[in-house]
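Participant: Chain by chain, the residues:
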Amino acid sequence: MTRNEHTVLRVDDLTVIGRPSDVEIISDVSITVRRGEILGLVGESGSGKTTLGLSLLAHCKRATQIARGRVEVGGEDLARLSERQVRNLRGRAVAYIPQSPASALNPALRLRTQLSEALHDAALSRAAVAERVREVLREVALPDDDRFLDRYPHQLSGGQQQRVAIAMAFVGRPELIVLDEPTTGLDVTTQAHVLATIRRMTREYGTAGVYISHDMAVVADLADEIAVMYRGDLVERGRTDEVLAGPEHEYTRRLLSAVPLLRTDGHGEAEEPEEEPLLRVSGLAAGYGRTRVLEGIDVSVSRGECVALLGESGSGKTTLSRSVAGLHHQFTGEVLFDGEPLARSSYRRTAEQRRRVQYVFQNPYEALNPRKRVRDQILGPYRHLVGRPADPDAVVAEALERAALPASYADRFPEQLSGGERQRVCIARAVATKPDLMVCDEITSALDVSVQAEIVTLLRNLQDEGMALLFVTHNIALVSNIAQRVAVLNKGRIVEYGPVGRVMSEPGHEYTRALIADTPDFRPSFAAAE
Amino acid sequence: MSGPTTEPEVGKAAKASRRRPGLLRTAWGFGRTKVGVALAGIIVLIAVAGPFVAPYEPTEFVAMPYETGVEGVVFGGDNLGRDVLTRFLWGGWTLLLLAVSAAGLGVAVGTVVGIVAGYRRGWLDDVLMRFNDVLLAFPQLIAALLVMSIIGPKVWLIVAVIAVSHVPRVARVIREATRKVIEQDFVKAAEAIGLPRWRIMAVEILPNVTSPLLVELGLRLTYSIGVVAVLGFLGMGLQPPTADWGLMINETRQGMAVQPWPVVLPVTAIAVLTIGANLITDGLSRAAIGIDRGVEK
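Just so you know, the sequences run in chain order A and B. Going by the working numbering, the first residue of the first sequence is number 1, and it counts up by one from there. Going by the working numbering, the first residue of the second sequence is number 1001, and it counts up by one from there.
Think of the hints as simulated: they come from the structure by calculation, not from any bench. Don't be surprised by glycine CBs; every beta carbon is placed ideally from N, CA and C. Check the hints yourself; a few may be wrong.
Restraint-style ranges between C-beta atoms, simulated for each label pair [as the list claims (entries may be wrong)]:
| id | chain 1 | residue 1 | chain 2 | residue 2 | range |
| --- | --- | --- | --- | --- | --- |
| 1 | A | Arg371 | B | Pro1055 | 26 to 32 Å |
| 2 | A | Gln65 | B | Gly1029 | 49 to 55 Å |
| 3 | B | Val1035 | A | Ser30 | 47 to 53 Å |
Cβ-to-Cβ under 10 Å is the rule here; a few derived chain B residues that face chain A [unchecked claim]:
| id | residue |
| --- | --- |
| 4 | Val1173 |
| 5 | Gly1194 |
| 6 | Arg1199 |
| 7 | Pro1207 |
Chain B on its own, in the form it takes in the complex:
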């Protein structure tokens, strides 16, 4: 047993050098996150690099409709005789771009609404959250179809409609997280020195709600992928002759018995992407729960 004066210093120094791992690193520690990143990574790679390695032009006719076994055309031709592989490689990035921008926009707006409602409280909170409830009452897909059929299928409209449908869901989660954060005294400390409200929200609150924010982002991304693909399939998304996974399934489903590839490839890709994104989100939310409770796993 050594004297009490020297020991604490050593202990403190050792403790100080190590900071508790953050959300991303904790999430990476789960096997599921790694699998998710691998799965989603493959599909993202196909979608992004696809157009550069595709053997033909997406609108080039290389075979007879639904013809298979043609020399140099690995997966055969689609309903119009275009190369299925090329269209598959070209069709991913539109889906990804739409889904990512819709999710990003929705989460961004939802976060702002959530933090403002949670922090300002009072009538502003009431107005924002009741408006949220109204939005929540619309089923996501039906609302999208309704707007599309009135205004017509436009790319910006797809993004906007999906983003708007995300906002109330994100806002609710972030509002709850904000309410927990503002109970803590450091927010009052900022108020006591008269820091402007918007800076309190941006500097003091926002960094402390990143855990639920990342989880929401993953969740909304997964939903967006699904909705964009469904809209494409229903003909309310991108219009022919654009190569798009959702559209591909719709266009070629009649010939599925003789030529399954133009349906199987995009369906598999969307499924793998969704599962991957879900696994990442799951890892993030597990890590977030652990961090919020302050327990080491």
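Okay, chain A solo, but in the shape it has when bound:
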């Protein structure tokens, strides 16, 4: 590595430790990024990628500190500077785009104030600041008129908020920009726009970018170079195409193969629908108060079949799944389960119906009672719906086994489990009562891509054992990996409904086509070799 003027960021042997335990959160990491290039920093949660990202701004989270190493931005070592000097550099030399734009923007400040503040350059006149703010807004494809500048963050959509955050980062023409999963929580369409904006801005400004993500597919699209972090170490680093073509580290290979492929033949062929499907939803309309979020929904799920409900946030997919589970009561239309109508409220359904329809929630961190052991989490619903088991341990062990967890997990509390393990416990809780239909509401969206792949495998196995799944997701790539049929929801209506293979290869509706086009199409070239 020769030092040349194109190198903007240079990190040498950086080690960050946690206090007071002195555990190394990241150890001896060295990276360089050149002008106008983007480095994709990939790793699962807890790998230290955010810690590394923050240390590039010479910022440390509570109870952490930089133990040794150098962070050079544009030739200046940030670790040596005083707090005041670092503050001056932030926003000018280094800028940061955080994960959630909604919490990154101050809700009490108008965009004008927000953006001018980010420029914090005393040498500029007021008019120059205003001009610069307008210029950067135009560059991120947002309106630059006074009406827009007078808005508050809550008056913007998620994508607009994230673009304002990008504008805030670029307004001071930084040399380095750190992006911490800026597209998590955005729809694919919005994500595609935001990624294109980031790409263009770094090129035009000659800014070096560090893009932190757990999603290989996004990074593969965007980055010039990839660095893979695993448990605080940098395990692999190289040009993007080289890493994708020939990953050297075992962990990189695992990450790559975890990415769901966009185009598959679907999970098995869709069979001819039976005479009477297990679940038939017809003419369903639902809403909250006077707002209607769903209109004219017809979906059916046959025994042992997986039907995916695909839609972006706000499309009403969660409302639909909750209506089926009896958690959302304000709906009209017919929901037939095994030929019998399902009551609106779960409390009016028979115990047998409640047993046969189980629901798995989106966020495993909230779906388990923190005060109960795994054993009791599983036995609670079982006792209530099936009855007192003769051998409780066998029930728990069997449920855990079907969720691919060892029986020894029964004595743990939720806080002793990782996100993926928690979601498995949620699945175990649902399968313990031997349901016929499992409604999965975005159950992988809170999890890393590598964990998501494991959960998907688990669901496919359950389905092979004869369980029907209603799989709600916003991720079109997952659909083609798990479902036989897919219903695409847009603004409360089903715009496309059919076998996965057909919908993916020849989408009939414009919206589906746009969704497929905006999703990063990822094929690891090394997969063929294995």
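On the provided structure of chain A, position chain B as indicated by the hints.
Facilitator: Frame of chain A; chain B shown alone:
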């Protein structure tokens, strides 16, 4: 750098063996809690063991009124010539019993009201909480004095009045805590399988509001001690000749210049007990804040 396949298993196993310490253990980690437990412990010990080690009967006359320096009577006699030490040792448990039962009852009822209002929402929430507001409008002590002077000083009435004055305060705190808990999906998971509402409240919600509950219990206990003692002092609590710290102060305050002990002893005891209970509560609430935010300190 070892292979990624073996390492996580080891890490998980190590992590699993240790669970984050609970509220009580975290609170015990603070020095103030230990001091509080020691202070409160001494007074509780005096109050509970006192009657068994007292040298005389509480109503036995052993000296002249306000006489000091009598042989075998350490702290002298009170306004009627009864042994001050004996009456001090006898007078604590009534105060403690009244305070503990009043606080316990108030917190129990308040918790039920709070959880029901927070979970059921709708008109029930409105009715319960507006009724709470009405109760809150009465000043605690004045309300107690008013009821006492109408119905007359009775032991059960003291407990009831203090408990009732605690209910709205506890209910508010617990309602807020409940609202936070029911936002989480595990409550919806219980609803989805049709678990009866009362079981959801008892099994899913109650264990998750124990942190604010313990803090409230400590706080209400401290208030109860104060109110019971004040009622005793004002003659609205226990009636003579019962030995009671509050009553003792009232009966003997005229002779304070010549014989300070019958005032000093109960006043010190009540002060130490209150400070101790407060320190424990403080430790608990600090621990609860840490746990709620999920930060290790």
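Participant: Can you name, in rising order, the numbers of the hints this structure does not satisfy?
Facilitator: 1, 2, 4
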